[in-house]
Amino acid sequence: MDWMSRNLPYLMAGISVGGQYALIAIGYTMVYGILRLINFAHGDIFMVAGLIMVYSTTVMPIYIAIPLMILVTVLLGFLVERVAYKPLRTAPRMSIMISAIGVSYLLQNLALYVTGGLSQQYPAIPWINDTVTLFGATTKRVTIITPILTIILVLLLVTLIKKTKIGMAMRAASRDFETSQLMGIKINSVISFTFIIGTFLAAIGSLLFFTNYTGVTPTAGAMPGLKAFVAAVFGGIGSIPGAVIGAFIIGICENIIKGLGWTTFSDAFTFALLIVILIAKPTGLFGEKVTDKV
Amino acid sequence: MKKRVLAIALVTAMVGSMLAGCGSKGGSGETGTDAPAAAADGAKVVKVGVYEPASGDNGAGGKQEVLGMQYANQETPTIEIGGEEYTVQLEIVDNESSNDKGPSAASTLVSAGVSIALGSYGSGVSIAASDVFKEAGIPALGVTCTNPQVTEGNTHYFRICFLDPFQGTVLANFANENFSAKKAYILTKLGDDYSTGLGYYFKEAFTGLGGEVVEETFQEGNSDFTSYVTSAKNAGADVFFAPVSTEAAALIIEQAAAQGMTIPMMAGDTWDSNVILNAAKGKDVEIYVTTFYQEGGNEEFDKGIKEWINGDSTAKANNGGDDTIAAVTAMGYDAYYVALEALKAAGSTDAAAVNEALWDVSYTGVTGKIEFDDVNGDALRDTAYVKCANTETGAWDFVAEQGVN
Numbered sequence: 001m002d003w004m005s006r007n008l009p010y011l012m013a014g015i016s017v018g019g020q021y022a023l024i025a026i027g028y029t030m031v032y033g034i035l036r037l038i039n040f041a042h043g044d045i046f047m048v049a050g051l052i053m054v055y056s057t058t059v060m061p062i063y064i065a066i067p068l069m070i071l072v073t074v075l076l077g078f079l080v081e082r083v084a085y086k087p088l089r090t091a092p093r094m095s096i097m098i099s100a101i102g103v104s105y106l107l108q109n110l111a112l113y114v115t116g117g118l119s120q121q122y123p124a125i126p127w128i129n130d131t132v133t134l135f136g137a138t139t140k141r142v143t144i145i146t147p148i149l150t151i152i153l154v155l156l157l158v159t160l161i162k163k164t165k166i167g168m169a170m171r172a173a174s175r176d177f178e179t180s181q182l183m184g185i186k187i188n189s190v191i192s193f194t195f196i197i198g199t200f201l202a203a204i205g206s207l208l209f210f211t212n213y214t215g216v217t218p219t220a221g222a223m224p225g226l227k228a229f230v231a232a233v234f235g236g237i238g239s240i241p242g243a244v245i246g247a248f249i250i251g252i253c254e255n256i257i258k259g260l261g262w263t264t265f266s267d268a269f270t271f272a273l274l275i276v277i278l279i280a281k282p283t284g285l286f287g288e289k290v291t292d293k294v
Numbered sequence: 295m296k297k298r299v300l301a302i303a304l305v306t307a308m309v310g311s312m313l314a315g316c317g318s319k320g321g322s323g324e325t326g327t328d329a330p331a332a333a334a335d336g337a338k339v340v341k342v343g344v345y346e347p348a349s350g351d352n353g354a355g356g357k358q359e360v361l362g363m364q365y366a367n368q369e370t371p372t373i374e375i376g377g378e379e380y381t382v383q384l385e386i387v388d389n390e391s392s393n394d395k396g397p398s399a400a401s402t403l404v405s406a407g408v409s410i411a412l413g414s415y416g417s418g419v420s421i422a423a424s425d426v427f428k429e430a431g432i433p434a435l436g437v438t439c440t441n442p443q444v445t446e447g448n449t450h451y452f453r454i455c456f457l458d459p460f461q462g463t464v465l466a467n468f469a470n471e472n473f474s475a476k477k478a479y480i481l482t483k484l485g486d487d488y489s490t491g492l493g494y495y496f497k498e499a500f501t502g503l504g505g506e507v508v509e510e511t512f513q514e515g516n517s518d519f520t521s522y523v524t525s526a527k528n529a530g531a532d533v534f535f536a537p538v539s540t541e542a543a544a545l546i547i548e549q550a551a552a553q554g555m556t557i558p559m560m561a562g563d564t565w566d567s568n569v570i571l572n573a574a575k576g577k578d579v580e581i582y583v584t585t586f587y588q589e590g591g592n593e594e595f596d597k598g599i600k601e602w603i604n605g606d607s608t609a610k611a612n613n614g615g616d617d618t619i620a621a622v623t624a625m626g627y628d629a630y631y632v633a634l635e636a637l638k639a640a641g642s643t644d645a646a647a648v649n650e651a652l653w654d655v656s657y658t659g660v661t662g663k664i665e666f667d668d669v670n671g672d673a674l675r676d677t678a679y680v681k682c683a684n685t686e687t688g689a690w691d692f693v694a695e696q697g698v699n
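Chains as they are written, first to last, in our numbering: chain A, 1 to 294; chain B, 295 to 699.
Since the hints were derived computationally from the structure, they do not count as laboratory data.
Heads up, some of the hints might be wrong.
[Claimed, not checked] The following label-pair restraints were derived from C-beta to C-beta distances: (1) B/GLY502 x A/TRP262: 25 to 33 angstroms; (2) A/VAL59 x B/GLY641: 53 to 61 angstroms; (3) A/MET94 x B/ALA646: 49 to 57 angstroms; (4) A/ILE64 x B/GLU593: 43 to 51 angstroms; (5) A/LYS186 x B/VAL508: 56 to 64 angstroms; (6) B/SER474 x A/TRP262: 24 to 32 angstroms; (7) B/GLN513 x A/LEU79: 28 to 36 angstroms; (8) B/THR370 x A/LEU75: 48 to 56 angstroms; (9) B/THR372 x A/PHE269: 56 to 64 angstroms.
[As the list claims (entries may be wrong)] Some chain A residues near chain B, calculated using beta-carbon distances under 10 angstroms: (10) GLY14; (11) VAL17; (12) THR115; (13) THR138; (14) THR219; (15) ALA220; (16) MET223; (17) ASP267; (18) ALA268.
[As the list claims (entries may be wrong)] In the SDA-like style, the derived pairs of lysine to any residue whose C-alpha atoms are separated by at most 25 angstroms in a straight line are: (19) A/LYS162 x A/THR179; (20) B/LYS395 x A/PHE40; (21) B/LYS395 x A/ALA222; (22) B/LYS577 x A/THR58; (23) B/LYS577 x A/PRO126; (24) B/LYS600 x B/PHE692; (25) B/LYS477 x B/VAL508; (26) B/LYS575 x A/TYR63.
Note that the Cβ used here is the ideal one computed from N, Cα and C, for glycine as well.
Using the sequences provided together with the hints, build the complete structure.
Set out below in structure tokens:
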């Protein structure tokens, strides 16, 4: 029991932060699956979601602010795609990637301008912000909710992709972009839909993440975004279950490393893990093996 | 083709709006610089550089420090140097709390032709910019940078605050005497000169008193402190010592409270900020800090600056939305007057003359008497104030005036 209450907090922190990485990682992996684009702005959209929440709760009650925050974030994700990526659809892949980096810096600097560079205190959301005790370990309720909510959302997403028409269109587009267009799939709406799902999950992720770690700064999205990206690559980019499992592994390992007292190396470990995985298994854990036909 | 034109137009509009944003920021600075020159009817202008962070980790603290200078500047906007009336003009730059960006901000001050530079909040950026000031022959006056390396081995960097070896010892003594602490958990930020420095001196002093320490570090961009709190609890520490930026501090307090950590948390001067008070309000935490100034130390100054902060919405926003006086604000206020003293003593606006004059400046400000030693240009200070965060009222309670025996 004593061992449990001493070590459980590390594991809980790991699972919870893993769940939050997973929600962001799905956005990376889905966009990559369809567009072969690494959406560098994704981490910053996550940060903007946090800021929207900070500012909206100052003028309205929290139960209106949450849906509004999700709506505005989704709208932002949609707009970013329409403005910065869609016009470049036929351009070389490198251009669209540079455009993504541009959006990332644009969002960061806008946030810097709006906040004045200061950390903003995230509002305390009732119920999920309460402190609870589990097997002698004290934590916030959000820590326990995160993995459960993540798994529910992922199951819903997988059902959506497997069972619905739009899901089928998404699978087709990720398999062969051009042929699916020839087959009459409205590729633009499929891509928009992908971005909408990705940013929706990032918005939920930001709600959970910032409830636990309450400071929102213009660069708050950079580190979680990077870790989630690593998780997506780790799990095999393009694969949703891969991204989720990768995110949990990274979150848990990171916190175990901290628990062992090697705090200095916890980030170094995350990135070393990425290198090792890529050397051993270049496509990641669940990545598809791609053979180029000549 | 049409679409491409539209896309380009949109991008231009976005970039344009950003530039407009930056423009209005720079614009306000410029009107600030032009106004006094015009208002003074041909009076001469002496420029005092303000090298402080307005964004990044230490943005909140830097802004509060600048507030003290701005208040002092509007209180005493002119000065007589060598029998001539000069208008003092503050040249404010943002070093972004970053050791990489600091030097270029310092260069901006150099090219603006300042006679003396004040700052910075945060020792790392001060050390980073030291050489820029040195090469330009401009003296710098550190306000709250407490790491010894800032002034060590140079003759151009001065400071008006106490040093970390002193502060670390004070904190260790306090932990030992008041909490009979035997084991301390020290959390510092990697690559932050202030944080690692103060952590080191605390450890030296604490182990010197027969205590035991557990040290851990975190990296830039980290916001997950739950594991650190757990480790501190598991290690059975009696105090949690975290000399970190207020930004990280707010996260640590939040997560420590969520995990029910009951041991006292201690930190140095950075934590003396309303960011900490707001984070701790209504939570079950115990926070002690050492600092330079205790509100109520000088009634007249307190009253004046509160009035000014409440009357100026920008100042109030920069102070974190209320009128709590941070110790760094009082220090910024004193730094401005020390700079004026040096200018007066120099009898000219020449940077080299000001540098020479600084050695002999003696000034009694709101934070006490300020004099420099003749080796490094460090202030001779032998007391620090210990304050405790009152989690009910959200204010600081005075605990003790602590020195080193």
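For each hint, the structure was consulted:
no., hint, in the structure
1, B/GLY502 x A/TRP262: 25 to 33 angstroms, "holds (27 angstroms)"
2, A/VAL59 x B/GLY641: 53 to 61 angstroms, "holds (55 angstroms)"
3, A/MET94 x B/ALA646: 49 to 57 angstroms, "holds (52 angstroms)"
4, A/ILE64 x B/GLU593: 43 to 51 angstroms, "holds (45 angstroms)"
5, A/LYS186 x B/VAL508: 56 to 64 angstroms, "holds (59 angstroms)"
6, B/SER474 x A/TRP262: 24 to 32 angstroms, "holds (31 angstroms)"
7, B/GLN513 x A/LEU79: 28 to 36 angstroms, "holds (33 angstroms)"
8, B/THR370 x A/LEU75: 48 to 56 angstroms, "holds (51 angstroms)"
9, B/THR372 x A/PHE269: 56 to 64 angstroms, "holds (58 angstroms)"
10, GLY14, "holds (8 angstroms)"
11, VAL17, "holds (6 angstroms)"
12, THR115, "holds (8 angstroms)"
13, THR138, "holds (4 angstroms)"
14, THR219, "holds (7 angstroms)"
15, ALA220, "holds (7 angstroms)"
16, MET223, "holds (4 angstroms)"
17, ASP267, "holds (5 angstroms)"
18, ALA268, "holds (9 angstroms)"
19, A/LYS162 x A/THR179, "holds (20 angstroms)"
20, B/LYS395 x A/PHE40, "holds (23 angstroms)"
21, B/LYS395 x A/ALA222, "holds (19 angstroms)"
22, B/LYS577 x A/THR58, "holds (21 angstroms)"
23, B/LYS577 x A/PRO126, "holds (15 angstroms)"
24, B/LYS600 x B/PHE692, "holds (19 angstroms)"
25, B/LYS477 x B/VAL508, "holds (8 angstroms)"
26, B/LYS575 x A/TYR63, "holds (24 angstroms)"
Checked against the numbered hints above, the structure violates none of them.
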